[in-house]
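Protein sequence lines correspond, in order, to chains A and B.
Counting in our numbering, the first sequence runs from 15 upward without gaps.
Counting in our numbering, the second sequence runs from 364 upward without gaps.
A couple of the hints might just be wrong.
Subject to a maximum C-alpha distance of 20 Å in a straight line, what follows is the list of computed EDC-like cross-link-like pairs (lysine to aspartate or glutamate) [as the list claims (entries may be wrong)]:
id, chain 1, residue 1, chain 2, residue 2
1, A, K89, B, E371
2, B, K445, A, E71
3, A, K140, A, E71
4, A, K46, A, E194
5, B, K447, A, E71
6, A, K86, A, E71
These are calculated hints, taken from the structure and not from any lab test.
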Amino acid sequence: MKNNIVVELKDVCFSYTNISVLESINITIKEKDFLSIIGPNGGGKTTILKIILGLLEPNKGMVYVFNASAKKARKHIGYLPQHISFDFDFPISVQEVVLMGRLGKRGIGRKFTETDVSVCMQVLEKVGMQKYKNSELGKLSGGQRQRVFIARALSTEPRLLLLDEPVSSVDTQWQQAFYELLHDLNKEITIVLVTHDISVVSTYIDKIACLNKKLYYHGSKKEGMHKISEMYECPVQLITHTPTHDPSGESDK
Amino acid sequence: MIELLHYEFMRNAFFAAVLVGIACGIVGAFVVIKKIVFISGGITHAAFGGIGLGYLLNINPVLTAIPFSLFSAIAIGILSKKTKISEDSAIGIIWSVGMALGILFISLSPGYAPDLFGYLFGSILTVPTSDIIMMLVLDIIIIVTVLLLYKELHALSFDEEFSMIVGVPTKTLYLILLCLVALSIIVLIRVVGIILVIALLTIPATIAKQFTSNLKNLVALSTLTAVVSSIIGLWLSYIFDLPSGATIVLLLAFVFIISTGIRKFMIPKV
């Protein structure tokens, strides 16, 4: 048994119609890793998360998550997407959003239990949003909404947390608290964080992977920082100066 | 108005108005938040094929419209999700093919097609008791399904991808939602007619959505709006001898304008 391997991608290739996005990716993510996938826009970061979630099927290669197929392992994954588009007047409260994370634990026709509600309150407290539990989601600021979606990912009580640009719209003060929260969570669960912001890498993360179609580096942060400076000619340098928001509004491919 | 209920046709019309209000209030809330208004329009028009088939086979057209609209609901759902055809193209195809079949069936059926206009434009005063019973059964199916799947339907409408990740069978659920739309259309056809069904699936929920940001309240409020408007519309159409479907729709449009004004200038959301 490969006990402590959480995610294993073997020679994974992926393309959207004719545009190749990932080329023979091999990566192994171990239990309690705190891995950051960095790379430029369009480098395949979001795609790799969607492959791990089984939302996309690779054209080639094998994907194992918790020694099973990606689709089967989904229930152990907490996911924060990069963009969630919804109408600001959609009738849903913060607590209802977070409860979505509990849907898989309650079958069709079953009501949410007290446990579900208390788990939601705990995760809302973790992201500092408990006092907004009855607020309408559309009335919150972008950063507050992102914190609610982080709480939703946590409410699934995941063994693996996939975060796609989690700090793109939260303020710096909360960013600090957020990384401390992740550090705390990392004692129990594996975390994969996708970012194009290289500044966070040095402080909180123990492993990094540089991705731009191909996997340029995967390993410990210490060596990685050397490599990054060496690779400043590689796409990594590009990302340090890209704006936080993709002006075209398109999601990463 | 009460003494009018002594007449059987008026009692039936009253029950029809209530049953219509319930179906379109509940399903309309999901149609509006999930933004499937035009899919619903497509299913409605495709149901005309079923009406035509009823004429051809010489059975109650509302009965033949049930499998027809369910089938077109599933066809639109599958065409748009499983193939590369875009959703609005799928709507266009199903919409027109259904209508074409209806026209063909009617032209093939012997003789003259009586009360065809009733199915196209609605005729609440001629709803027979057998149709009332069928509408009641469909309403019960709708209510029970929504009660059972409420939290999943809410989640599906908000964020399909996340719902799928946490294990909700989103594709099946989406088809179920479209089937609920199809059933509510059957309930509505007799009263407002194919052409005007979409108004009842849209306007009451849109009015209600202005006053609440809670889905349960939205469903309750849109049902209430639809039931009250249908009854008042029925009464107005009887008194002034107007077509019932058009009267109900125009009344709803009037309420929509007034409520938008009230919402904008007077009361906050609850």
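Checked hints:
| no. | hint | result |
| --- | --- | --- |
| 1 | A:K89 with B:E371 | violated, 56 Å |
| 2 | B:K445 with A:E71 | holds, 15 Å |
| 3 | A:K140 with A:E71 | violated, 34 Å |
| 4 | A:K46 with A:E194 | holds, 15 Å |
| 5 | B:K447 with A:E71 | holds, 16 Å |
| 6 | A:K86 with A:E71 | holds, 13 Å |
Of the hints listed earlier, those the structure fails to meet are numbers 1 and 3, in rising order.
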